[in-house]
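Asker: What follows is each chain in one-letter form.
Number of protein chains: 6
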Amino acid sequence: MAPTADVILDTLDALDPLGELPRTGWLLRGINPCESIAAHSLQVALLVSMLVDACRAEGMIVDGEAALRMALVHDAPEARLGDVPMPVKSPELDAALHVVEERLAAELLPPALHGAWSAAEAGASLEARLVKAADKLQMLHKLSVYERQGRRHPLIDVMWQNPANLRFVDIAPVRRVYETIFARAGRPMPAPR
Amino acid sequence: MAPTADVILDTLDALDPLGELPRTGWLLRGINPCESIAAHSLQVALLVSMLVDACRAEGMIVDGEAALRMALVHDAPEARLGDVPMPVKSPELDAALHVVEERLAAELLPPALHGAWSAAEAGASLEARLVKAADKLQMLHKLSVYERQGRRHPLIDVMWQNPANLRFVDIAPVRRVYETIFARAGRPMPAPR
Amino acid sequence: MAPTADVILDTLDALDPLGELPRTGWLLRGINPCESIAAHSLQVALLVSMLVDACRAEGMIVDGEAALRMALVHDAPEARLGDVPMPVKSPELDAALHVVEERLAAELLPPALHGAWSAAEAGASLEARLVKAADKLQMLHKLSVYERQGRRHPLIDVMWQNPANLRFVDIAPVRRVYETIFARAGRPMPAPR
Amino acid sequence: MAPTADVILDTLDALDPLGELPRTGWLLRGINPCESIAAHSLQVALLVSMLVDACRAEGMIVDGEAALRMALVHDAPEARLGDVPMPVKSPELDAALHVVEERLAAELLPPALHGAWSAAEAGASLEARLVKAADKLQMLHKLSVYERQGRRHPLIDVMWQNPANLRFVDIAPVRRVYETIFARAGRPMPAPR
Amino acid sequence: MAPTADVILDTLDALDPLGELPRTGWLLRGINPCESIAAHSLQVALLVSMLVDACRAEGMIVDGEAALRMALVHDAPEARLGDVPMPVKSPELDAALHVVEERLAAELLPPALHGAWSAAEAGASLEARLVKAADKLQMLHKLSVYERQGRRHPLIDVMWQNPANLRFVDIAPVRRVYETIFARAGRPMPAPR
Amino acid sequence: MAPTADVILDTLDALDPLGELPRTGWLLRGINPCESIAAHSLQVALLVSMLVDACRAEGMIVDGEAALRMALVHDAPEARLGDVPMPVKSPELDAALHVVEERLAAELLPPALHGAWSAAEAGASLEARLVKAADKLQMLHKLSVYERQGRRHPLIDVMWQNPANLRFVDIAPVRRVYETIFARAGRPMPAPR
Chain A
1084 MAPTADVILD
1094 TLDALDPLGE
1104 LPRTGWLLRG
1114 INPCESIAAH
1124 SLQVALLVSM
1134 LVDACRAEGM
1144 IVDGEAALRM
1154 ALVHDAPEAR
1164 LGDVPMPVKS
1174 PELDAALHVV
1184 EERLAAELLP
1194 PALHGAWSAA
1204 EAGASLEARL
1214 VKAADKLQML
1224 HKLSVYERQG
1234 RRHPLIDVMW
1244 QNPANLRFVD
1254 IAPVRRVYET
1264 IFARAGRPMP
1274 APR
Chain B
1084 MAPTADVILD
1094 TLDALDPLGE
1104 LPRTGWLLRG
1114 INPCESIAAH
1124 SLQVALLVSM
1134 LVDACRAEGM
1144 IVDGEAALRM
1154 ALVHDAPEAR
1164 LGDVPMPVKS
1174 PELDAALHVV
1184 EERLAAELLP
1194 PALHGAWSAA
1204 EAGASLEARL
1214 VKAADKLQML
1224 HKLSVYERQG
1234 RRHPLIDVMW
1244 QNPANLRFVD
1254 IAPVRRVYET
1264 IFARAGRPMP
1274 APR
Chain C
1084 MAPTADVILD
1094 TLDALDPLGE
1104 LPRTGWLLRG
1114 INPCESIAAH
1124 SLQVALLVSM
1134 LVDACRAEGM
1144 IVDGEAALRM
1154 ALVHDAPEAR
1164 LGDVPMPVKS
1174 PELDAALHVV
1184 EERLAAELLP
1194 PALHGAWSAA
1204 EAGASLEARL
1214 VKAADKLQML
1224 HKLSVYERQG
1234 RRHPLIDVMW
1244 QNPANLRFVD
1254 IAPVRRVYET
1264 IFARAGRPMP
1274 APR
Chain D
1084 MAPTADVILD
1094 TLDALDPLGE
1104 LPRTGWLLRG
1114 INPCESIAAH
1124 SLQVALLVSM
1134 LVDACRAEGM
1144 IVDGEAALRM
1154 ALVHDAPEAR
1164 LGDVPMPVKS
1174 PELDAALHVV
1184 EERLAAELLP
1194 PALHGAWSAA
1204 EAGASLEARL
1214 VKAADKLQML
1224 HKLSVYERQG
1234 RRHPLIDVMW
1244 QNPANLRFVD
1254 IAPVRRVYET
1264 IFARAGRPMP
1274 APR
Chain E
1084 MAPTADVILD
1094 TLDALDPLGE
1104 LPRTGWLLRG
1114 INPCESIAAH
1124 SLQVALLVSM
1134 LVDACRAEGM
1144 IVDGEAALRM
1154 ALVHDAPEAR
1164 LGDVPMPVKS
1174 PELDAALHVV
1184 EERLAAELLP
1194 PALHGAWSAA
1204 EAGASLEARL
1214 VKAADKLQML
1224 HKLSVYERQG
1234 RRHPLIDVMW
1244 QNPANLRFVD
1254 IAPVRRVYET
1264 IFARAGRPMP
1274 APR
Chain F
1084 MAPTADVILD
1094 TLDALDPLGE
1104 LPRTGWLLRG
1114 INPCESIAAH
1124 SLQVALLVSM
1134 LVDACRAEGM
1144 IVDGEAALRM
1154 ALVHDAPEAR
1164 LGDVPMPVKS
1174 PELDAALHVV
1184 EERLAAELLP
1194 PALHGAWSAA
1204 EAGASLEARL
1214 VKAADKLQML
1224 HKLSVYERQG
1234 RRHPLIDVMW
1244 QNPANLRFVD
1254 IAPVRRVYET
1264 IFARAGRPMP
1274 APR
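Residue numbers (this note's numbering), protein chains in the order written: chain A, 1084 to 1276; chain B, 1084 to 1276; chain C, 1084 to 1276; chain D, 1084 to 1276; chain E, 1084 to 1276; chain F, 1084 to 1276.
No wet-lab data here; the hints were simulated from the structure.
As the structure is a computational prediction, the values presented were derived from the model and not from experiment.
Be careful, since some hints might not be right.
[Said to hold, decoys possible] Calculated lysine to aspartate or glutamate pairs in the DMTMM-like style (CA-CA distance at most 20 Å, straight line):
1. K1172(D) <-> E1190(D)
2. K1172(A) <-> E1175(B)
3. K1172(F) <-> D1146(F)
4. K1219(D) <-> D1099(B)
5. K1172(E) <-> E1175(D)
6. K1219(E) <-> E1204(E)
7. K1172(F) <-> E1185(C)
So that you can see chain A by itself, here it is in the shape it has in the complex (with noise of 0.2 Å):
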């Protein structure tokens, strides 16, 4: 069923505060002004149609118009909740959220992009794995971005030594992509979990 011109505009309204939340580990590491969530959901969909030409030359088969709807509703829930940080979450809290985020998905989405962020949430699929695996690889690049301005903060130690930072590495073009952030950073990678 397609979305009216009412439920397109309800959408956008309801998006809206993507574009003023900041992502709040930057924050938490004395990053102020920070990256918000939308500049972040941007990278991560801009990452991930380049990592689909990537797949795609090493012959896989990608649903390109899937993998960028994904992207760019990933954080959808976000709008409604702001942006939780990883490090505190505990497994009963994962599991609250998102129940939360569930119901607030669909609160906020029209069917189609309810049923891409649902996907990118199960990560069963290729196209939710490049999108699971742009989260992480935006955040690290964006780290290097802020070191190489010159900012320093005791935790960021912790965010390069992270294993749980590194996902689907078994996709050849997203270890690449994760080597190579690491390589420019001077920065060993972390065995995966």
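Given chain A, work out where chains B, C, D, E and F should sit, using these hints.
Answerer: Frame of chain A; chains B, C, D, E and F shown alone:
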């Protein structure tokens, strides 16, 4: 056990982000820049000091030091977690957040302040109830400040109408402050739940 | 030719400023802080994904992946150039900017995304027309968001009255979104040029 | 005399700017955005609560409620006056500022908090001395936080060397916190004046 | 004596904070972010250049270079002191601030610009009176700009009614600009003191 | 023809955005918040006043009022156009921007200031050459200020090495300021083109 100089400085370090982290609910309503968690906590503590005076004038016995300590740290775990806006919370999310906050409070705070946080969270004592009331009174007062500045938003009416924002109105000085906030804003006060 | 990991990271570096650069037109209207170019681009892409669904529901054939790629990079050269507000542009300035943007797009983007930018700029395909329409639809929608927040400015009326902000209203789903934006804002829709 | 609801809300209104006003000394050192007066005051109050605990552990008698109230309002007049940076002050300016602050404290604060402000300003009691020490301890600690973030400025060395930033080092827990701040920052502690 | 290259750069360094420091009075009225001291000074200088032209057209003899130099440095000491809002000032505070500002002007500025600051502060010459008038005209004009943007605040009416904001209305072009500001804002002009 | 009160206020309105608009080149280098166009223009005018004194000390005849007016308005058209960063400009873009700026200068400025803008742009007189030199001197000095604050960026070296940033080094006081900026920054001065 008294905090050593190292513990005191570790605590300041740990709570430092409260000054940078925004109260997410205002960003969601298009108010940017908005109040920090630190600015909120300071106002809650000031409000508690005045509620303590008002309660004592009516013959209640209040431990003022305990109440102020609770006010100062009532949002301490948000220094790691950020501010999760209330309307999205489910009972399960509330429970999981509580567990994470309890863990963070234990990590970030020395024993005496950790005890203050736990007592505030429990909400059993008169002091804790004053802090929980002040938490909401401050929010509604800040809303009235933003409204007087000409800020408008579709979600603002909902805040004035939500009975969950009324807490411990059975304490007479608390009730009078609620009534005066609503009267000054020209808004009807909802019936407490 | 697929982008290498180095090319992928160079592209992220090159487009990183989109998250910091403001949409200049809002600053000129006293809205500060305002939307970044990245936040705008994300909303354009979301809007395009919904317009694609609406077009397909009416039987049109749309290449969704191509449309989304165009949306993601339609303002990519602004990462070096900043956002030049439309009303000041002359035909000569438009032409000279186009040449510079073409050069920057070639420098900043890998071949596949450069192709997407050029196709969007050309505006010939249905996909490109959806992106150009979404570029203006997003701007008018954001204007309505700012107005609802209580922002006022002498130059705001001009934006609502400028027929240059209406693009490709011959595409039925596009026209319906325009009509709904104007109706919700309580503004008459100007006659398209 | 207990504050009425009207007085309580007038006080919150009056002190509301503390959350927006920057600590001017940081802006002068190129740190922008920087800590607000509210964020500073909250940290001073937290520090005082821990110093109170440390003093009690050494057998000193401290009125914790009084100390916390002093901390909360020690910069209250700055809500009207802004933060005037210390190094520029002359004895005459200090005296004239004190008179204006006394007038503002009387205008902005209800009697009980006005008394707390005056006692803090007088600096005679142990409680007041803890607040005055915490005011400087917080400043030096925040300086160390900014330094760890990679911020540099020609005027920063002066702050570490200024003996006027050492206050009431005769109180043992205060002295230990000073020593630890300097040790962690790798800076020699100046001789108190 | 002409300034050497070292003196010129020391002066730029010394006055650099004017671009970061806010005009405190706006923050106190909930306008955040607000005009910097540098933005204010630039507008005062532009206004002075136009008042000079208007005075000359009426046959007055004005030293335009002197007037512009006074405008550029009239707030120079605030680069160290910050902006102390007018309404809180007492005669004693004004006198003590003047002494400190005189010292800072001598420290921060080379002789020629120090002379310009002193002449502006003295307010004796026509040029100095134009600068002092422009200082207030700019403030009232900026207030009208903020009002047109939809900003509201209880303390705004007071600014329009304060006769201390009217300066040197005996100079005909100055008086006409005051009258036009009030007329455009739809406010009655108070009687000069 | 002298500007009327209406023209004076229209000019202030028109140039008001200079205080909000960022110097885009700094944002592209990760410096956020950064200097506004107004803060830049004020520093250029201050620098020009000191260069005028230095030139006069060497026997040159300079029209100080004319030079200061040129400095004040040299970026006036950017109030509508924003700041387009230099490195992206082509000869064609420069030419087209010049035409648009000429039109905007005529629209935004009264005749006397429009004349000052045109003379500055022409760059023929000594006064105009001082303004054009000061425009670049201020930029390099600000770069050194940001570097001393610990900011780092891959594109910073390029700025120090670009001979296009050296202007009118044949004027002795200008050359000495350039040499001192480079010497203080510990950078070799490039050979002028």
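Asker: For the pair supplied as a hint, K1172(A) and E1175(B), confirm whether the alpha-carbon distance does not exceed 20 Å.
Answerer: Holds, at roughly 14 Å.
Asker: Is the Cα-Cα distance between K1172(F) and D1146(F) 20 Å or less?
Answerer: violated (32 Å)
Asker: Given the hinted pair K1172(D) and E1190(D), is their alpha-carbon gap at most 20 Å?
Answerer: violated (24 Å)
Asker: Does D1099(B) sit within 20 Å of K1219(D), going by the straight-line distance between their CA atoms?
Answerer: At roughly 16 Å apart (the allowed maximum being 20 Å), D1099(B) and K1219(D) satisfy the hint.
Asker: Sort out whether E1185(C) lies within 20 Å of K1172(F), counting only the CA atoms.
Answerer: Distance of about 12 Å is within 20 Å: holds.
Asker: With a cut-off of 20 Å on the C-alpha distance, tell me whether K1219(E) and E1204(E) pass.
Answerer: Given that 20 Å is the threshold and the Cα spacing comes to 14 Å, the pair holds.
Asker: K1172(E) and E1175(D) were given as a pair; does the straight-line alpha-carbon distance stay at or below 20 Å?
Answerer: With a Cα-Cα distance of about 14 Å, the restraint between K1172(E) and E1175(D) holds, given a limit of 20 Å.
Figure legend: structure checked against the earlier numbered hints; hints not met, in rising order: 1, 3.
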